[in-house]
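Engineer: Single-letter residue listing:
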Amino acid sequence: MANVSFQNLKAQYGKNVIFDNFSLEVKSGEIMCLVGPSGCGKTTLVRSLLGLTKPETGRIAIGDKVLFDAEKRINVPVEKRNIGIVFQDYAVWPHMTVIENVSYPLKKRKVKKEEIQNRAMRALEQVRMTQYANHLPSQLSGGQQQRVAIARALVVGAEVVVMDEPITNLDAKLREEMLIEIRMIQKNLGATILYITHDQQSALELCDRMAVMESDGKLCQVGTDEEIITNPINRFTFEFIGNSNAIPLVVENGNTYLDLDEKIPYEDGKGKDLHNKELLVRLNDVVFDKNSKIIATVTSRIFLGSEYNYFLNLGGKEIRLQQSMLNAKNDGTVDVGEKVGISFINPHFYDKKIIKEAL
Amino acid sequence: MADYIVLRNVTKKFNTKTLGDIVAVDNFNINVHEGECFSFLGPSGCGKSTTLRMIAGFEDLTEGEIELCGKLVSSSKKKLYVPPEDRGLGMVFQAFAVWPHMNVYENVAFPLRIKKMNKTDIDKKVMEALKHTSLTGLEKTFPGDLSGGQQQRIALARAIVTNPKVMLLDEPLSNLDPKLRESMRFEIKALQKKFNFTIIFVTHDQSEAMAISDRMMVCDMGKIMQIDTPENLYNKPVNRFVHNFLGESTFINVVVKDNKVYPKGNTNQAIKIAIPSDASNEMVVATRPNEIEISKNDTDGYKTHIESRTFLTDRIEYLVSVGNQLVKVQTPHRIKFDKNEECYIKFVSPMWYPADDEKEAMERAKRQVI
Amino acid sequence: MFSVNNNAMAAIDGKKRFSMDKLLTIVCFFMLFVVVIVPIFMIIFNAFFDKNGFSLNLITEQFADKKNLDAMFNTIKIAIFATIFGTIVGVFYAWLLGRSDIPAKGVMRALFNIPYMFPPFLGAMAWELLLNDRSGYLNRFFMDVLKLEKPPLNINSIWGIVFVEVSYYFPFVFMQVVSALERMDPTLEECARIAGAKQSTVIAKITLPLVKPAISAGALLILISSLAHFGVPSILGFRQEIYTLPTRIYAVIYNSGGSFEGIRQGAALSVMLVGVVAIALFIQNRILSAGNYDIIKGKSMRPTLIKLRAAKLPLLFLSIFTLFIIVIVPLGMIILISFVKAYGLPLVPENFSFINYQKVFANKGTIDSIRNSLILSVSAGIISMFLGTLVAYVVQKIKPKGSAVLEITSMLPYSIPGTVLSIGVILAWSGAIFGITLYNTLWIILVAYIARYLSFSMKTSSASLMQVSSSLEEASRACGASHSESLADITLPLIRPAMVSGFFLIFLPAMREVTTSILLYGPYTRTLGVHIYSLRDAGYIPQAAALAVVAIGLIMLLNVIVTQLTKDRKGV
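As they're listed, the protein sequences go chains X, U and H. In terms of the working numbering, the first sequence opens at residue 1 and continues consecutively. In terms of the working numbering, the second sequence opens at residue 1 and continues consecutively. In terms of the working numbering, the third sequence opens at residue 1 and continues consecutively.
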């Protein structure tokens with residue numbers, strides 16, 4: 001079994017605590033995407049797993065093999081951990097040909113010569129790079145170099161592969177292709193993949209499960225893509241996943257109001273305790289609704305191809321609304337200056353953001 | 001509206017040692033109206049930057065002529081070539097190109113100093129340009145200490161300070177991060193409103209071009225494909241290339257038989273869409289993933305099932321099969337189907353194009369080598 | 001699959017074994033201490049301390065001597081003018097070749113780099129033969145043709161020295177500026193055109209200010225090289241008693257017959273020279289800190305070349321003429337003289353023979369000097385290459401406490417004149433430390449070479465190491481390689497091209513070195529440079545020329561080999 005478990009890890013640089021009491025369980029054979037804003041400690045976490053950084057406390061294990069245990073004073077050196085790694089900058093050795101790069105881990109593990117050739121070629125086949133076996137990395141594109149890095153990470157049959165922002169340096173088209181490729185390779189090999197990124201979009205596309213980290217290194221939600229999207233556990237996750245509008249609420253005399261320049265009754269809020277909460281709603285969950293009593297004025301409309309982006313003025317607050325091309329074609333567009341009713345589908349209610357500086 | 005910038009039969013050939021003559025710009029005819037924001041959109045190597053550089057006066061023309069504000073500035077026949085400094089343009093480059101050895105104020109004042117304007121006028125104009133680009137207070141700062149967005153603002157301020165009639169923007173937002181890129185679009189539009197200049201905007205990013213332009217030109221491999229408003233280009237692209245370049249596209253290979261449309265290679269179920277009169281036997285039907293209606297019970301649609309589903313930040317992406325082909329469908333998060341669930345899909349406003357053209361694909365591959 | 005053995009698990013923190021990193025750091029500190037710190041300390045010690053302790057007597061004595069003050073002013077005068085003219089010439093040709101549409105750029109660029117390889121003191125020799133005030137061939141020619149009574153030009157003067165130094169030092173500026181111009185983002189200039197500036201205004205207001213850092217970096221190189229230069233002023237100046245500080249130091253020690261008192265006096269003069277260099281460095285630093293910026297952003301685009309139009313032909317002729325004067329004339333002169341039977345005979349075919357070459361090679365000292373120079377430059381090259389790379393690795397990758405000290409120490413000899421360094425080495429290794437005496441052996445020259453050239457290899461290795469991302473080594477650790485294996489398999493092969501070019505950067509100048517070895521050579525340890533110098537000094541001018549031709553041929557040959565070897569197919 002190759003489940004990866006982090007238990008109560010703490011890491012710090014000098015006095016700066018990166019994360020504390022961090023625990024995460026990656027199931028054997030799954031693609032776990034670890035997402036979080038840059039600087040949240042994701043990279044420190046993978047470096048701890050690889051053995052490049054030593055945590056202060058806690059325990060890291062793969063299956064029943066302990067790699068690090070602060071209490072038992074175990075710290076297996078990097079080269080003995082047997083974890084495949086793919087870096088953001090590829091880290092393909094420029095002085096070795098593709099096949100030499102991929103053979104290197106086998107050589108270091110004293111695999112027989114004739115077997116090295118076979119296994120290296122098989123790994124290259126996996127990433128469709130066999131025809132480039134004798135090329136030097138400088139003759140390859142970024143995407144091809146990243147494929148070599150993946151083949152090198154997979155060639156020894158490591159059960160755990162860590163990918164640290166492996167596609168960030170590639171252009172949009174190539175990113176898409178690489179994600180599909182990573183998925184296919186994982187299917188064929190059944191390796192456990194821990195995929196680190198700050199890009200929610202690619203994480204959502206790739207993952208079996210994802211773990212969302214907050215900027216202070218706290219793990220705030222672990223779950224499948226569906227769980228995270230339909231049931232964000234807190235405001236951070238909700239806002240991290242995509243753009244949204246936030247409208248403050250207030251309850252007076254048992255009625256809920258949108259707390260703007262004027263108080264606009266919010267009838268959908270009946271029967272919920274929404275005092276001093278905020279209503280958060282995604283841009284494409286704000287829809288035009290002739291029957292709604294919430295009236296806004298269109299201040300601008302921008303055509304973006306797949307959708308129209310509207311800026312509305314609702315009681316002095318700017319609200320963004322996205323109308324898909326399909327709806328625009330079916331229901332028509334709204335012109336600048338028009339007053340329209342809007343309603344909110346799938347609203348989420350969270351506590352008002354406390355601005356830290358104010359404290 | 002008067003035609004403000006006119007390109008007549010403009011052609012540019014480059015002579016290369018290895019590949020001989022390459023036609024970078026092939027017989028371009030463009031009329032840009034006064035006060036318009038006009039974009040050149042296309043993949044790299046399509047000729048858009050070369051065209052802009054010819055308008056600016058950095059490249060001469062192999063053939064044709066260019067008129068700016070009613071004045072002929074380049075003409076291959078008359079051997080006329082007005083140097084860039086005498087064309088009275090404003091220009092902003094992708095790499096900012098602010099002078100690192102001058103502070104913000106000096107950068108912006110440079111064009112005025114060249115004109116030998118007196119000090120008080122310079123000061124007034126510079127301060128006004130800085131105000132409109134939100135740089136007030138940074139006069140004494142050197143560009144090296146500023147962020148990319150601020151540097152690009154200096155470039156903008158420097159371009160508007162002489163009050164030019166024509167502003168050339170060469171991928172001015174490509175080096176900025178996505179958030180800033182979006183807000184700078186608005187700033188550019190606001191500056192245009194305030195200073196009343198005509199914009200030519202070069203970009204390879206279709207959503208940027210659509211958001212900012214009144215009209216745009218899509219070009220590819222040195223040829224103009226289509227010139228129109230963003231809406232028309234998006235909704236009525238003249239060919240597959242334009243369709244694909246302007247947004248996510250779904251192409252279905254179909255055969256037309258007995259006045260019915262079937263996905264190629266599978267005649268079990270017809271797709272219920274109107275057939276254009278000039279359709280040949282084999283065609284390609286094109287649409288956008290978010291312009292396909294998907295429902296659980298609208299039996300009028302094409303019956304199929306969900307092959308796979310991916311959650312994305314602002315939508316769910318489904319793959320459904322149409323015959324033997326997979327079609328991408330996008331919906332908001334609130335419209336949710338499970339994997340393998342039965343569903344009906346309907347194409348709202350499909351476009352028709354001739355079936356795959358192998359010759360074009362080869363030509364494109366050849367150009368990629370260049 | 002997981003064969004983690006118990007030994008590996010036992011690598012428990014806290015009981016860290018003595019790591020390789022630590023060992024490398026200590027070796028580094030020790031070597032630099034011995035090679036750099038000790039000689040410098042010895043100079044200071046000897047200049048300021050005598051038997052009775054601290055005293056300024058020696059220094060004040062030197063300042064009281066008018067000859068020394070004259071030498072100091074000459075040094076400064078020559079350095080300033082060489083820097084000004086060298087910079088002007090360098091910038092002018094850099095712009096011409098980098099930005100204009102002048103034809104035959106490739107050939108001209110290659111030729112402009114020749115003075116860089118050509119030992120300046122050989123150039124001085126050639127010009128002396130042509131333009132000395134008594135029997136210079138060119139002077140006699142002018143006198144005959146123009147019916148002059150006095151020779152029109154005199155190379156044995158301050159201006160002669162400036163002229164020869166300029167012709168060999170301007171490539172410092174030329175190379176720096178040409179590469180800066182080529183990497184400069186062309187839109188910076190295009191913007192100014194759009195803003196309404198004419199081409200000439202753009203050059204003055206945008207282009208030149210932007211390459212100012214490159215210009216001043218090159219100018220500093222000229223300034224320091226000229227301040228420390230021995231060859232040219234000694235060949236052109238001695239006869240007219242024009243001294244500079246380096247030649248004065250040599251003369252003082254030479255006249256004292258190498259006695260300790262003479263060397264101490266030299267040490268005191270060295271302090272003067274170092275003072276002058278330090279002031280120059282300080283001024284340059286003040287000028288440079290005004291602005292240092294990155295001008296190589298943006299997509300690579302071919303800069304628009306400026307059409308010279310009518311000025312094209314005159315400028316082309318000017319360039320060819322310049323090349324003729326600084327490359328062809330001295331080289332041709334040396335070759336011609338090397339064939340002439342006796343110095344002073346007219347340069348006509350009847351007077352030519354191979355006799356000088358035969359004589360030179362019959363002389364045992366010649367073979368010895370070539371052998372000595374080869375041994376010295378190869379071993380100095382190899383040792384400095386490894387030591388420099390080691391320092392670079394420690395500074396760049398291990399980053400121990402005090403790595404800044406390491407870096408500064410290794411760069412220090414770069415700005416210390418070779419003459420000064422030699423005196424330090426003499427003082428240190430003539431029995432002063434542990435009674436070790438290396439004087440009159442090859443070893444002492446070797447130690448001086450290592451100290452002098454260490455920074456060359458340290459710089460190239462350092463630049464190359466900076467480009468080796470740490471993830472490359474980490475990836476190999478994750479692939480199962482230990483730290484030392486990663487070093488051997490990944491890092492070293494990656495910086496090998498830089499190490500090799502570092503070696504040749506040391507090897508080539510060491511082959512033709514005079515400044516340092518002239519003070520350190522013993523009866524059996526003459527180097528090639530010293531041998532040519534003393535042949536000429538003793539009046540065997542045609543023989544000296546013959547050996548010079550051999551030396552130049554050797555250097556050119558080695559240079560070709562270098563360019564072939566460093567053409568590495570694998571880039572980092």
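Since the hints were made in silico from the structure, they are not lab data. Among the hints, a few may not be true.
[Stated by the list, open to error] As a list, the in silico BS3-like pairs of lysine-lysine whose alpha-carbon atoms are at most 25 angstroms apart:
#1 X:LYS329 - U:LYS236
#2 H:LYS77 - H:LYS198
#3 U:LYS223 - X:LYS173
#4 X:LYS54 - H:LYS397
#5 X:LYS317 - X:LYS272
[What the hints assert, rightly or not] What follows is a set of in silico ranges between Cβ atoms, one per label pair, in the way DEER data are often shown:
#6 H:GLY522 - X:ASN134: 51 to 57 angstroms
#7 H:THR563 - X:ASN134: 24 to 30 angstroms
#8 X:ASN169 - H:LEU208: 46 to 52 angstroms
#9 X:GLU125 - U:ASN259: 44 to 50 angstroms
What you are looking at is a predicted structure, and each value in this text was computed from that prediction instead of being measured. Note that the Cβ used here is the ideal one computed from N, Cα and C, for glycine as well.
Engineer: Any hints this thing doesn't respect? Which numbers, in order?
Structural biologist: Going through the list in order, the structure violates hints 2 and 8 and respects the others.
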